[in-house]
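Peer 1: Could you put together the complete structure from these sequences and hints?
Protein chains: 2
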Amino acid sequence: MSLIVMKFGGSSVGTTERMGRVAQRIVDQKLQGHRVVVVVSAMGDTTDDLIDKSKEINDNPPAREMDMLLTTGEQISVALLSMAIHKLGHNAKSYTGWQAGIVTEAVHAKARISDISPDRIFKALDDSQIVIVAGFQGMTEDGEITTLGRGGSDTTAVALAAAIKADVCEIYTDVDGIYSTDPRVVKCARKLDVISYDEMLELAHLGAAVLHPRAVEYAKNYNVNLVVRSSFSQNPGTLVKEEAEMEQGIVVRGIAFDKNVARISVLGVVDVPGVLASMFGALAAEGIDVDIIVQSGVSNGTADFSFTVALSDRANAIRVIESIKSKVPFSELTYEENLVKVSIVGAGMVSNPGVAATMFDAISKQGVSIKMVSTSEIKCSCVIAAEPLQDVVRALHTAYGLDTEVAAFVGGPQDRR
Amino acid sequence: MSLIVMKFGGSSVGTTERMGRVAQRIVDQKLQGHRVVVVVSAMGDTTDDLIDKSKEINDNPPAREMDMLLTTGEQISVALLSMAIHKLGHNAKSYTGWQAGIVTEAVHAKARISDISPDRIFKALDDSQIVIVAGFQGMTEDGEITTLGRGGSDTTAVALAAAIKADVCEIYTDVDGIYSTDPRVVKCARKLDVISYDEMLELAHLGAAVLHPRAVEYAKNYNVNLVVRSSFSQNPGTLVKEEAEMEQGIVVRGIAFDKNVARISVLGVVDVPGVLASMFGALAAEGIDVDIIVQSGVSNGTADFSFTVALSDRANAIRVIESIKSKVPFSELTYEENLVKVSIVGAGMVSNPGVAATMFDAISKQGVSIKMVSTSEIKCSCVIAAEPLQDVVRALHTAYGLDTEVAAFVGGPQDRR
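As they're listed, the protein sequences go chains E and B. Each step along the first sequence adds one to the number in the UniProt record's numbering, with nothing skipped, and position 198 is 198. Each step along the second sequence adds one to the number in the UniProt record's numbering, with nothing skipped, and position 351 is 351.
FYI, nobody ran anything at the bench for these hints, they're computed from the structure. All figures in this text were calculated on a predicted structure; none of them were measured in a lab. Cβ coordinates follow ideal geometry from the N, Cα and C atoms, glycine included. No incorrect hints appear here.
Derived CB-CB ranges, DEER-like: (1) Thr15(E) / Gly367(B): 54 to 62 Å; (2) Glu337(E) / Gln24(B): 41 to 49 Å; (3) Asp52(E) / Ser376(B): 47 to 55 Å; (4) Arg112(B) / Gln234(E): 44 to 52 Å; (5) Glu141(B) / Asn221(E): 30 to 38 Å; (6) Lys110(B) / Gly89(E): 24 to 32 Å; (7) Lys110(E) / Gln24(B): 26 to 34 Å.
Peer 2: Written out as structure tokens, the structure is:
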């Protein structure tokens with residue numbers, strides 16, 4: 001008998017009929033003798049509908065009241081899912097975040113979980129209940145209702161799994177597991193049986209939207225066995241754990257790409273000590289996340305910098321750089337959009353020389369020039385023109401021996417909340 | 001500076017536009033220097049929509065999960081109303097029932113409030129906040145979410161007013177106040193400036209749907225000054241309080257009628273001691289509320305009983321009586337529908353002889369025969385044929401000197417939650 005956490009996203013419970021299927025899925029696990037804790041997101045469009053309603057009333061609502069509003073979405077889900085399980089003749093009890101003992105920092109809209117007191121969950125489990133917990137939400141020490149921000153339900157599931165020392169935390173989604181790359185782009189993408197936390201973290205950060213990075217980080221910190229699997233099929237999915245064995249001859253585990261990239265170049269920056277700190281400090285102060293930073297060599301006492309930001313931050317970043325020109329003088333400011341960051345990820349890269357060279361070679365063979373490069377021990381990223389993305393990803397997939405003969409299962413739009 | 005509780009029903013906040021008007025109304029009170037606590041119901045059809053959704057999943061859902069589901073309706077209301085107040089540039093904080101310290105018995109769907117710990121409300125008031133509390137809900141000592149059943153938001157408002165010792169509890173509705181009778185039936189109905197708790201209780205029980213009896217009872221027990229007024233006009237409304245002064249020459253305060261009446265007659269009941277207890281005990285055990293009971297004189301050792309029940313209980317009541325025939329033998333069982341119970345209510349009746357006689361006289365002058373009569377110190381009820389109801393009520397209204405020259409304001413459908 002295992003203790004299992006099962007997490008279902010909003011699209012898995014998007015209709016009452018789907019809710020019924022999820023209930024059956026949960027009951028199946030219970031009937032196998034497991035003790036089951038379920039975490040659910042808000043149904044389908046519920047959250048968006050609530051946001052729309054709030055905007056009709058106040059286009060800039062207080063974050064506290066927004067949390068109050070949005071947490072009803074998950075509360076509706078847990079109540080209905082519990083009813084669906086009762087309909088199948090099994091005991092279930094639903095809990096809001098605060099009822100489940102999920103304590104967060106005193107921050108609204110993106111609180112972090114600071115503690116979980118699972119007494120009530122254990123009591124219900126001991127009473128043979130299936131326990132259903134609202135994802136995405138918690139309560140501060142002062143009894144204020146909070147939300148965890150994007151990826152919140154994944155984080156709830158992993159944090160609960162850690163707190164109750166669950167044997168496994170199953171993340172049900174509309175894809176079969178983690179793929180070597182987006183199966184909508186590369187038909188012969190390979191479903192991975194296993195992947196390490198670090199690799200998953202890189203893939204998650206790099207735009208593979210199946211698991212939220214915060215949840216993976218949490219899983220890594222508390223050593224929670226994560227399984228990503230489909231809520232529509234019985235396939236075993238992908239296991240995310242501490243150390244993943246390499247498959248024969250495969251150095252690169254997956255290929256990710258991210259179109260949400262703008263490149264900003266600041267040319268002729270007067271090179272005095274502290275220039276970089278001033279520039280990127282000012283960007284950080286405005287909440288702008290900078291990803292890749294490249295500095296070309298200094299000549300005539302000036303240097304050129306390029307860095308990437310999310311598309312939505314581009315205008316703001318330029319404004320910030322212009323605003324500190326008196327402190328950080330430069331000669332020219334340019335930017336570029338229609339870019340993509342392609343990354344190869346694999347824990348085996350560190351001990352295999354030439355992996356990056358293979359990447360550069362495969363990209364250049366597609367007639368595409370590389371604008372920026374960034375590497376770490378387990379990944380190599382290149383910023384290139386957005387087209388022809390598909391050809392580039394396919395070429396990389398083939399070059400690293402990742403192609404399979406079986407066409408991948410591709411579900412509907414993925415859901416991350 | 002007063003401490004005021006304002007309660008708004010679901011139709012008052014049925015749309016985001018109405019929500020904005022209610023927000024303005026609240027801010028007006030705040031700007032007059034008052035400290036304001038607001039209680040709100042779920043918006044318009046929200047509760048019905050949630051019930052429909054639950055029925056798609058489980059036609060007999062557990063009460064606990066139903067409470068979990070339905071309390072989201074009020075939580076959405078309080079969050080949105082708070083946003084609407086912020087939009088007007090004022091501070092407001094919304095609270096769920098449990099956050100507001102409302103503790104109930106451990107019963108679902110119809111819990112009674114057992115305690116209120118208003119510390120958090122006072123703290124927010126001291127912080128110049130407008131406090132907005134979700135009606136209809138509370139929490140058990142064990143942290144289970146409960147609902148208060150019909151009239152729940154009225155009860156929340158009155159109980160809160162008692163707990164924080166508010167100067168007044170204003171119940172905003174879509175009528176101008178309490179009328180001497182239904183202004184849709186009698187155009188010249190009189191809006192009452194003042195009415196006593198006991199009179200209001202009789203009127204509330206007798207089908208005047210503006211205030212829920214439980215809320216009035218609570219107000220009476222804790223001596224809370226209640227004001228019933230319109231959320232659409234600035235009229236002063238009706239004050240409900242301990243002792244109401246009589247207006248000159250008016251003995252009867254109001255006339256109520258209730259069409260939800262079925263009469264059941266059990267004829268030829270063998271008259272042995274305990275017969276009544278057996279019959280009405282069996283009905284009570286099935287949760288059937290019996291209203292008026294009339295017993296005719298005993299002849300030949302048998303007696304005839306008539307009693308009234310709600311229309312929806314009629315079939316069930318007959319089944320119960322048939323089922324105990326071996327214990328309570330009778331010769332015949334009949335029933336009658338298409339009836340109405342008309343009542344006159346007034347604290348002055350007890351000291352004015354002939355009040356009932358005036359009623360019987362006015363009814364008989366309409367050619368209507370009286371089937372049952374029931375009296376108390378402050379009311380007299382007659383069960384009569386449902387038609388011509390309007391003529392009867394008008395005749396009584398005139399007979400007791402209640403007519404005014406001003407046509408009454410009649411709002412939309414009333415809302416009681």
